[in-house]
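Colleague: Letter by letter, the chains look like this.
Protein chains: 2
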Amino acid sequence: MTAGNTYETEIIVDPDVPLVRIIREFDAPPERVFRAHTDPELFAQRKRPRRYRMETGHFDCHTGGSYRYRMVGEGNEAGFYGSFHEVRPSELIVQTFTFVGEPDGVALERLVFEDLGDGRTRLTATSLVDSFEDRDAFVATGMEVGVREGYERLDDLLAR
Amino acid sequence: MTAGNTYETEIIVDPDVPLVRIIREFDAPPERVFRAHTDPELFAQRKRPRRYRMETGHFDCHTGGSYRYRMVGEGNEAGFYGSFHEVRPSELIVQTFTFVGEPDGVALERLVFEDLGDGRTRLTATSLVDSFEDRDAFVATGMEVGVREGYERLDDLLAR
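Chains A and B supply the protein sequences, listed in that same order. Residue numbering for the first sequence follows my numbering, starting at 1236 and increasing by one per position. Residue numbering for the second sequence follows my numbering, starting at 1236 and increasing by one per position.
Fair warning: there could be bad hints in the mix.
[Unchecked claim] In silico SDA-like pairs for lysine to any residue, Cα to Cα no more than 25 Å straight-line: (1) Lys-1282(B) / Asp-1390(B); (2) Lys-1282(B) / Leu-1392(B); (3) Lys-1282(B) / Thr-1298(A); (4) Lys-1282(B) / Arg-1383(B); (5) Lys-1282(A) / Thr-1298(B); (6) Lys-1282(B) / Gly-1336(B).
[Said to hold, decoys possible] Across the chosen pairs, the derived CB separations fall in these ranges: (7) Val-1335(A) / Asp-1251(B): 22 to 30 Å; (8) Glu-1384(A) / Gly-1377(B): 46 to 54 Å; (9) Phe-1315(A) / Gly-1340(B): 24 to 32 Å; (10) Arg-1395(A) / Met-1378(B): 44 to 52 Å; (11) Leu-1351(A) / Ala-1375(B): 31 to 39 Å; (12) Asp-1274(A) / Ala-1394(B): 47 to 55 Å; (13) Gly-1310(A) / His-1297(B): 28 to 36 Å.
Hint data in this document are derived by calculation from the structure and do not stem from the laboratory. No residue lacks a Cβ here, since even glycine has one placed at the ideal position from N, Cα and C.
Work out the full structure, taking the sequences as your base and the hints as a guide.
Modeller: In structure tokens form, the structure reads like this:
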């Protein structure tokens, strides 16, 4: 295991329910991978594509908290908001997610941080919506590229 | 239309996604039916079965807010918590819901308040989970009785 190792990102489109499951391993213990999801500064660094800036309205990552942010760059801007249903340190985040451009769409997201030992973590992120049509439209946006790039930025953050 | 009219509660188990849809009409305008869902006092009166008391930890029904309450009575007690993802006055509530006895289970609930005119409202409540097994177990608890009784208490509240 060397620093800078890049793992495969596995993206599974569930055949039975309108859910996408994304699995990725990281060369860092659960505490650090978790913190990159809960710390507003680290969250912004990890989420933001190059040449974009993130404007965080608020980001209160604890059970019963909520968030709202906007990404701006290259002539585009996109807003997102949601609630943190449950946050269990280094283990679990359950949150809702809406893209402001589709205000009636909402996803229920679950992030599970699994300790693999040897300072490694497996992160399983699921995103559930209420129709296969919306789920498939989400997959068809080419979200895979954004997900993989976001996790590569997270690798970089964790290697520091 | 007479005061004290009791409408049918339609409970639809979705064949395609793990979701239950509950539809009910009320002899009151959307503003009043909505308020019975957002006002902590009215919420407690409506939810609480006879011979139970409700202990509300907190109930902040606005976009980004959250709630936690407990029902105690007849030797039983049950806790519930969740977040309000979105609250649009007299129109929509999107929230999460967990029963403390099953801390890893979470439902995404959507309540749509539809103005039928003549001081009437149709309320459509959907509850989405991530597996058919969990959805069917929820339906098998006999939740229909609790739902119908809760809506009859809401009829009584609205008739005052």
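Colleague: For this structure, which hints from the list above don't hold up?
Modeller: none
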